[in-house]
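Just remember that my numbering sits 67 ahead of the position in the sequence shown, which is counted from 1.
What the hints contain is simulated information worked out from the structure, not anything from laboratory work. Hints should not be assumed to be uniformly reliable.
[Stated by the list, open to error] For lysine-lysine, the following DSS-like pairs were computed, each having C-alpha atoms within a straight-line distance of at most 27 Å:
1. K601 x K397
2. K233 x K523
3. K600 x K280
4. K260 x K431
5. K219 x K232
6. K431 x K248
7. K397 x K286
8. K431 x K232
9. K219 x K248
10. K207 x K568
11. K428 x K219
12. K219 x K233
13. K233 x K207
14. K286 x K313
15. K248 x K233
16. K397 x K594
17. K260 x K207
18. K280 x K568
19. K207 x K523
20. K600 x K510
21. K510 x K568
22. K523 x K431
23. K248 x K207
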Amino acid sequence: MAPAGEQHLLSTEIVNRGIESAGPDAGSMTFSVRVRRRLPDFVQSVNLKYVKLGYHYLINHAIYLATVPVLVLVFGAEIGSLSREELWRKLWDSTAGYNLATILAFFAVFVFTLSVYFMSRPRSIYLIDFACFKPTDDLKVTKEEFIELARKSGKFDEASLEFQKKILQSSGIGDETYVPKAIMSPENITTMKEGRAEASMVIFGALDELFNKTRVRPKDVGVLVVNCSIFNPTPSLSAMIINHYKMRGNILSFNLGGMGCSAGIIAVDLARDMLQANPNNVAVVVSTEMVGYNWYPGRDRSMLIPNCYIRMGCSAVLLSNRRRDYRRAKYRLEHIVRTHKGADDRYFRSVYQEEDEQRFKGLKISKDLVEIGGDALKTNITTLGPLVLPLSEQLLFFATLVKRYFSGTKGKSATNGKTDAFDVSQTIAPSSTGTKPYIPDYKLAFEHFCVHAASKTVVNELQRNLGLSDANVEPSRATLHRFGNTSSSSIWYELAYLEAKGRIKRGDRIWQLSFGSGFKCNSAVWKSVRSIKKPSSNNPWLDCLDRYPFEALS
Numbered sequence: 068m069a070p071a072g073e074q075h076l077l078s079t080e081i082v083n084r085g086i087e088s089a090g091p092d093a094g095s096m097t098f099s100v101r102v103r104r105r106l107p108d109f110v111q112s113v114n115l116k117y118v119k120l121g122y123h124y125l126i127n128h129a130i131y132l133a134t135v136p137v138l139v140l141v142f143g144a145e146i147g148s149l150s151r152e153e154l155w156r157k158l159w160d161s162t163a164g165y166n167l168a169t170i171l172a173f174f175a176v177f178v179f180t181l182s183v184y185f186m187s188r189p190r191s192i193y194l195i196d197f198a199c200f201k202p203t204d205d206l207k208v209t210k211e212e213f214i215e216l217a218r219k220s221g222k223f224d225e226a227s228l229e230f231q232k233k234i235l236q237s238s239g240i241g242d243e244t245y246v247p248k249a250i251m252s253p254e255n256i257t258t259m260k261e262g263r264a265e266a267s268m269v270i271f272g273a274l275d276e277l278f279n280k281t282r283v284r285p286k287d288v289g290v291l292v293v294n295c296s297i298f299n300p301t302p303s304l305s306a307m308i309i310n311h312y313k314m315r316g317n318i319l320s321f322n323l324g325g326m327g328c329s330a331g332i333i334a335v336d337l338a339r340d341m342l343q344a345n346p347n348n349v350a351v352v353v354s355t356e357m358v359g360y361n362w363y364p365g366r367d368r369s370m371l372i373p374n375c376y377i378r379m380g381c382s383a384v385l386l387s388n389r390r391r392d393y394r395r396a397k398y399r400l401e402h403i404v405r406t407h408k409g410a411d412d413r414y415f416r417s418v419y420q421e422e423d424e425q426r427f428k429g430l431k432i433s434k435d436l437v438e439i440g441g442d443a444l445k446t447n448i449t450t451l452g453p454l455v456l457p458l459s460e461q462l463l464f465f466a467t468l469v470k471r472y473f474s475g476t477k478g479k480s481a482t483n484g485k486t487d488a489f490d491v492s493q494t495i496a497p498s499s500t501g502t503k504p505y506i507p508d509y510k511l512a513f514e515h516f517c518v519h520a521a522s523k524t525v526v527n528e529l530q531r532n533l534g535l536s537d538a539n540v541e542p543s544r545a546t547l548h549r550f551g552n553t554s555s556s557s558i559w560y561e562l563a564y565l566e567a568k569g570r571i572k573r574g575d576r577i578w579q580l581s582f583g584s585g586f587k588c589n590s591a592v593w594k595s596v597r598s599i600k601k602p603s604s605n606n607p608w609l610d611c612l613d614r615y616p617f618e619a620l621s
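Given the sequences, and given the hints that come with them, work out the whole structure.
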């Protein structure tokens, strides 16, 4: 009897054996049942994932697979026809015709060319280490406590409180995020005093940890870039840092304001440009946002949304262009791609700071924000794709594009004739010829993804449209749940999560993707120069890592 799992591989056949000539059944027709094992259905049994991987390997290494065997055959045929003495004689005869001066001149030109090449090419930018600030437990609030703090402030009516409660329940934010206790005060908390107090707490906390981890003295920092969208005092936050740490007088300092949640990558881009122009230097990039100063006490629902998502957080990153820092660096910066859609008024006003009817200041969130973000994302990844995708993916995408063009596909939605701006494929419906748009597989270009944890809806839509797995967006969902939307620093909390899980291996590529007001969408690509060991300290995830991931995140 065949095992139950193999019965589908067996076939039966009834065979006519003719008329029995002898025995008790003489003169009667006899039959037998023949059981055979079928050959497996190779089309169904072959895992198509491996077929696709084989195709990608073949295309990406086609030039080597085609030329190396030919060169080996030619070289082998040439060498095989000569004896050892003839081979040495041929080598001597081919070089004896050159005099010493010619050889020296050749080597001088060769060395000079190599020197010019290595001196003129852009310097590699290394990420030595980074730190993410973790507030104290007395600032930790659950969703229920958050609503109670808002109620105690006396600034919201019941309708506004109920709206915020409803938003929190579907936000993807957990019960351990951090907010300043000042939000429960009935007084005005959007003051310079409260803003400076919160800024000092988060910024100095992150920088103290960074300097402690890297053993770099504040006086050794040559470039300082700080980004904070809403809170921009005078003197600036960068000046506050220089004053606190008594940094050197010729430091190149910059303070970026009003650039939203995507400003972290913009700050890294600026630091990279400064390091390219100033060799043998290190740069510090600080990304943060002030929750208290951005607190909205009014009743406009589109302005209450940031109250529900934005939480305390800050990141500090140490970059270097010194070649000797390669040995202790964690990552090397590969690409930065920036997209700005601010020329269109609709995009420009999608996240807009203004006063409401009661003269309360706040951030107004457009109802079309997801669609606007999707269009900016499409533009960004269209530019990024040729830089990172393997040739095989680009050929598949180009072939599908040509096929759809000649088939007359317009890229319209099958339901309302409009293009869904958040769908990077423009439409998932096939054309009249049955040709579906091809969405490039970015999992072939990156091992890890750090997508800005703006909200649960945004993360889910990005996962769906980019074809990412739950494991790919796990850092984003975990960060949103544990720390909330920490604005421009969220992508660094996500990278800290990957390090805490021990998932970063040598050669891994990490895609940081962020978007924010303007409207902007920015990408940074890093490559790990070594395997990252699981940290035993100075990581914001160490006390809760065993709780992630869990089903409630998806």
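Unmet hints by their number, sorted upward, for this structure: Violated: none.
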